[in-house]
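Number of protein chains: 2
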Amino acid sequence: MRRIAVDAMGGDRAPAAELDAAAAAVREGAELEVILVGDQPRLEEELARRGVPARAPLSIHHASQVITMDDAPAAAVRTKKDASMRVCFDLCKEGRADAVVSAGHSGAMLACGLFVLGRLPGVDRPAIVTTLPTVGGSVVLCDMGANVDPRPELLAQFGVLGGVHAQVALGRTRPRVGLLSNGAEESKGTSLTREAHALLKRIGADPGLGLAYLGYIEGRDIFGGAVDVVVTDGFTGNVAVKTAEGAGLAILAFLKEAFASSARARLGALLARPALQALKKKIDYAENGGAPLVGVDGVVMICHGAATAPALETAIFQASRMVGHRAAFRERLAAAVARTQDIWQSNGGPDRAASGGVE
Amino acid sequence: MRRIAVDAMGGDRAPAAELDAAAAAVREGAELEVILVGDQPRLEEELARRGVPARAPLSIHHASQVITMDDAPAAAVRTKKDASMRVCFDLCKEGRADAVVSAGHSGAMLACGLFVLGRLPGVDRPAIVTTLPTVGGSVVLCDMGANVDPRPELLAQFGVLGGVHAQVALGRTRPRVGLLSNGAEESKGTSLTREAHALLKRIGADPGLGLAYLGYIEGRDIFGGAVDVVVTDGFTGNVAVKTAEGAGLAILAFLKEAFASSARARLGALLARPALQALKKKIDYAENGGAPLVGVDGVVMICHGAATAPALETAIFQASRMVGHRAAFRERLAAAVARTQDIWQSNGGPDRAASGGVE
Numbered sequence: 059m060r061r062i063a064v065d066a067m068g069g070d071r072a073p074a075a076e077l078d079a080a081a082a083a084v085r086e087g088a089e090l091e092v093i094l095v096g097d098q099p100r101l102e103e104e105l106a107r108r109g110v111p112a113r114a115p116l117s118i119h120h121a122s123q124v125i126t127m128d129d130a131p132a133a134a135v136r137t138k139k140d141a142s143m144r145v146c147f148d149l150c151k152e153g154r155a156d157a158v159v160s161a162g163h164s165g166a167m168l169a170c171g172l173f174v175l176g177r178l179p180g181v182d183r184p185a186i187v188t189t190l191p192t193v194g195g196s197v198v199l200c201d202m203g204a205n206v207d208p209r210p211e212l213l214a215q216f217g218v219l220g221g222v223h224a225q226v227a228l229g230r231t232r233p234r235v236g237l238l239s240n241g242a243e244e245s246k247g248t249s250l251t252r253e254a255h256a257l258l259k260r261i262g263a264d265p266g267l268g269l270a271y272l273g274y275i276e277g278r279d280i281f282g283g284a285v286d287v288v289v290t291d292g293f294t295g296n297v298a299v300k301t302a303e304g305a306g307l308a309i310l311a312f313l314k315e316a317f318a319s320s321a322r323a324r325l326g327a328l329l330a331r332p333a334l335q336a337l338k339k340k341i342d343y344a345e346n347g348g349a350p351l352v353g354v355d356g357v358v359m360i361c362h363g364a365a366t367a368p369a370l371e372t373a374i375f376q377a378s379r380m381v382g383h384r385a386a387f388r389e390r391l392a393a394a395v396a397r398t399q400d401i402w403q404s405n406g407g408p409d410r411a412a413s414g415g416v417e
Numbered sequence: 059m060r061r062i063a064v065d066a067m068g069g070d071r072a073p074a075a076e077l078d079a080a081a082a083a084v085r086e087g088a089e090l091e092v093i094l095v096g097d098q099p100r101l102e103e104e105l106a107r108r109g110v111p112a113r114a115p116l117s118i119h120h121a122s123q124v125i126t127m128d129d130a131p132a133a134a135v136r137t138k139k140d141a142s143m144r145v146c147f148d149l150c151k152e153g154r155a156d157a158v159v160s161a162g163h164s165g166a167m168l169a170c171g172l173f174v175l176g177r178l179p180g181v182d183r184p185a186i187v188t189t190l191p192t193v194g195g196s197v198v199l200c201d202m203g204a205n206v207d208p209r210p211e212l213l214a215q216f217g218v219l220g221g222v223h224a225q226v227a228l229g230r231t232r233p234r235v236g237l238l239s240n241g242a243e244e245s246k247g248t249s250l251t252r253e254a255h256a257l258l259k260r261i262g263a264d265p266g267l268g269l270a271y272l273g274y275i276e277g278r279d280i281f282g283g284a285v286d287v288v289v290t291d292g293f294t295g296n297v298a299v300k301t302a303e304g305a306g307l308a309i310l311a312f313l314k315e316a317f318a319s320s321a322r323a324r325l326g327a328l329l330a331r332p333a334l335q336a337l338k339k340k341i342d343y344a345e346n347g348g349a350p351l352v353g354v355d356g357v358v359m360i361c362h363g364a365a366t367a368p369a370l371e372t373a374i375f376q377a378s379r380m381v382g383h384r385a386a387f388r389e390r391l392a393a394a395v396a397r398t399q400d401i402w403q404s405n406g407g408p409d410r411a412a413s414g415g416v417e
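As you go down the protein sequences, you meet chains A and B in turn. Start counting at 1 in the first sequence, then tack on 58, and there's your number in our numbering. Start counting at 1 in the second sequence, then tack on 58, and there's your number in our numbering.
Heads up, some of the hints might be wrong.
Copies of the same chain are indistinguishable here, so a pair counts whether it falls within one copy or spans any two.
What the hints assert, rightly or not - Derived pair list, reagent style DSS-like, types lysine-lysine, alpha-carbon separation capped at 30 Å:
hint : residue 1 : residue 2
1    : K151      : K139
2    : K139      : K314
3    : K138      : K151
4    : K139      : K246
5    : K246      : K151
6    : K314      : K340
7    : K246      : K314
8    : K246      : K138
9    : K340      : K138
10   : K338      : K151
11   : K138      : K314
12   : K339      : K138
To be clear, the hints were calculated from the coordinates, so they are not data collected in a lab. Values in this document were obtained by computation on a predicted structure and should not be read as measured data.
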């Protein structure tokens with residue numbers, strides 16, 4: 059049984075979306091147990107209204123507090139000890155749950171991950187790894203927002219984190235890794251990307267790591283299928299992913315306009331509707347699952363604040379699959395980080411990359 | 059007559075795309091003259107093959123050299139004095155042309171702008187201003203790639219450059235300006251964006267500037283219509299714009315797949331085809347016009363290397379319109395920059411923002 063702790067008070071639509079997602083997940087998913095963490099009386103009432111019994115595989119664990127978007131992450135994690143999010147992490151730490159899923163404050167998720175679960179051996183900072191659809195497949199982007207001002211060594215380590223994730227979770231045998239920049243030429247980039255580029259070259263040159271480093275890529279290469287892993291700092295990665303989301307929604311709106319432009323187009327749209335709805339589902343971020351926080355000692359799935367019930371349900375299944383991969387991921391990452399620590403030591407040492415606190 | 063110097067040797071499809079664009083532009087555009095700059099014998103031959111006479115309003119100006127993507131911008135501008143791109147700028151400087159259009163090396167365009175035309179009074183660094191379609195209108199983004207590592211003062215000045223461009227070229231009376239970040243909360247961003255945010259607040263508070271500063275925006279807000287001007291550094295701006303382009307092309311590919319998924323969807327696609335082609339034109343960057351280099355003393359239009367003939371034709375018309383706005387833009391920018399210089403002086407002085415060379 060994989061036990062997923064779901065922060066029932068986290069997202070913009072909490073607890074309704076979380077409850078619907080959990081109820082659907084345990085109905086559909088075999089060997090899956092969901093622990094809803096939050097205000098017990100309220101959650102019991104909401105479950106009763108849905109005609110769902112509040113017992114395993116769908117149980118409730120009481121938590122009296124909630125971390126809001128106004129909370130400072132580090133302080134909230136330390137002072138709101140009974141917050142639904144924090145309690146999810148505690149359940150994992152105590153071995154009473156195998157994974158955390160939350161659509162709450164992502165900064166607080168990172169803080170909980172660091173503070174409660176801690177980092178995996180050799181990892182300087184955890185990162186958010188998101189999976190995006192491409193023409194013909196998918197691509198992994200690391201970091202999507204956990205580290206906004208990383209040092210070059212840390213940026214290079216995101217290549218290892220994202221690469222090992224692509225190996226284990228996506229089954230890519232030798233993931234192609236690209237560093238996001240403002241042009242493909244080596245003269246492009248910032249001092250940060252140029253230093254990270256030099257380190258990633260060395261990482262790519264080590265056949266024992268199984269990572270093919272292709273150098274700089276541009277924004278438009280993210281979705282082109284030429285790479286499996288996009289390496290970037292959390293600021294740029296966050297901007298890129300959200301810009302793609304915004305562009306996707308704008309194009310859906312343009313498409314609606316185009317379809318409304320003539321009687322002929324309206325008929326065409328009517329016929330193509332089922333196909334278009336599948337497309338919308340693929341593009342709309344509120345309908346997509348979560349992004350794992352990789353590098354902490356546990357399985358943590360960060361969801362959009364606006365995540366819908368189907369998105370949260372997907373995130374619960376993703377978390378369950380990651381629980382299955384966890385041992386392989388830990389082992390592979392530990393080996394990879396040990397090899398790359400060696401590379402970094404000749405470049406000033408890993409300490410340079412370590413940084414405390416939550417940004 | 060507005061005289062547009064077109065770098066006929068610049069883009070990936072040069073000189074064919076440039077020649078087709080120029081021929082179409084002078085055929086359609088009133089009061090428009092195009093000077094094709096490049097290898098005269100070759101251009102004459104290509105024009106003859108098209109049955110187009112090589113005389114005004116479509117003349118040829120010989121240039122024996124070409125700046126390629128392998129050239130270092132600053133060196134190329136100084137040493138390749140007879141390069142087609144450089145000669146376009148010289149024609150402007152000498153008053154023999156009113157604007158430059160090129161799909162060549164954008165770094166070299168910036169270097170030519172700085173070296174040949176120079177900066178407008180009070181402008182620290184020119185920036186690339188691109189216009190993107192939004193739901194219900196358009197948005198201006200500044201900088202799209204001219205300055206990858208700007209200081210906060212420079213980033214704040216991009217708000218003024220982009221804002222005045224939106225006022226004059228797009229007719230927005232009080233443009234809403236947003237600073238691109240990884241979240242809307244003030245605690246988000248990098249040290250660069252946080253410092254620029256404080257400066258932009260002061261700029262927004264000066265009613266004489268006519269700019270409404272709304273604070274941080276996220277990537278997904280770019281296309282939502284809530285702002286007229288997106289302020290960002292050239293690295294992030296370049297990544298954001300190219301990511302949106304890549305997402306757009308991927309979505310077109312997904313759409314194609316969706317339309318091929320059933321007989322019903324195929325029929326729908328057939329009926330909606332004209333509407334979909336209009337959509338493709340709106341999204342596909344190779345079919346869109348150029349982005350002006352704003353802040354140099356002249357009208358300069360930077361096009362995609364992959365720009366098609368229709369895209370270059372659009373850029374020629376854009377350049378022509380900008381020639382019409384030039385006096386108003388200069389005047390308004392000079393006034394705005396003078397006011398903001400005053401704001402910056404209390405913050406360490408404008409010298410801190412000045413930087414030489416081309417990145």
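Going through the hints against the structure:
Taking identical chains as interchangeable, the C-alpha atoms of K151 and K139 lie at most 30 Å apart only when both belong to the same chain, with a minimum of 14 Å there against 67 Å between chains. Taking the shortest Cα distances, K139 and K314 never come within 30 Å of each other, neither inside one copy (47 Å) nor across copies (50 Å). Taking the closest pair of Cα atoms, K138 and K151 come within 30 Å of each other only inside a single copy of the chain (17 Å); across copies the shortest separation is 65 Å, beyond that limit. Taking the closest pair of Cα atoms, K139 and K246 come within 30 Å of each other only across two copies (24 Å); inside a single copy the shortest separation is 46 Å, beyond that limit.
Taking the shortest alpha-carbon separations for K246 and K151, only the inter-copy value of 29 Å comes in at or below 30 Å, while the best intra-copy value is 44 Å. For a Cα distance limit of 30 Å, the shortest separation of K314 from K340 qualifies both inside one copy, at 16 Å, and across copies, at 14 Å. In this assembly of identical chains, the alpha carbons of K246 and K314 never lie at most 30 Å apart, being 38 Å within a copy and 34 Å across copies at closest. In this homomeric assembly, K246 and K138 come within 30 Å of each other (Cα to Cα) only across copies, at 21 Å, whereas the closest approach inside a single copy is 45 Å.
Proximity of K340 to K138 under the C-alpha cut-off of 30 Å is found in neither arrangement, the shortest distances being 36 Å within a copy and 49 Å between copies. In this assembly of identical chains, K338 and K151 lie within 30 Å of each other by CA distance neither inside one copy nor across copies; the values are 37 Å within and 50 Å between. Taking CA atoms no more than 30 Å apart as the test, K138 paired with K314 passes in neither setting, with 45 Å inside one copy and 50 Å between copies. Proximity of K339 to K138 under the C-alpha cut-off of 30 Å is found in neither arrangement, the shortest distances being 36 Å within a copy and 52 Å between copies.
Checked against the numbered hints listed earlier, the structure breaks hints 2, 7, 9, 10, 11, 12; every other hint is satisfied.
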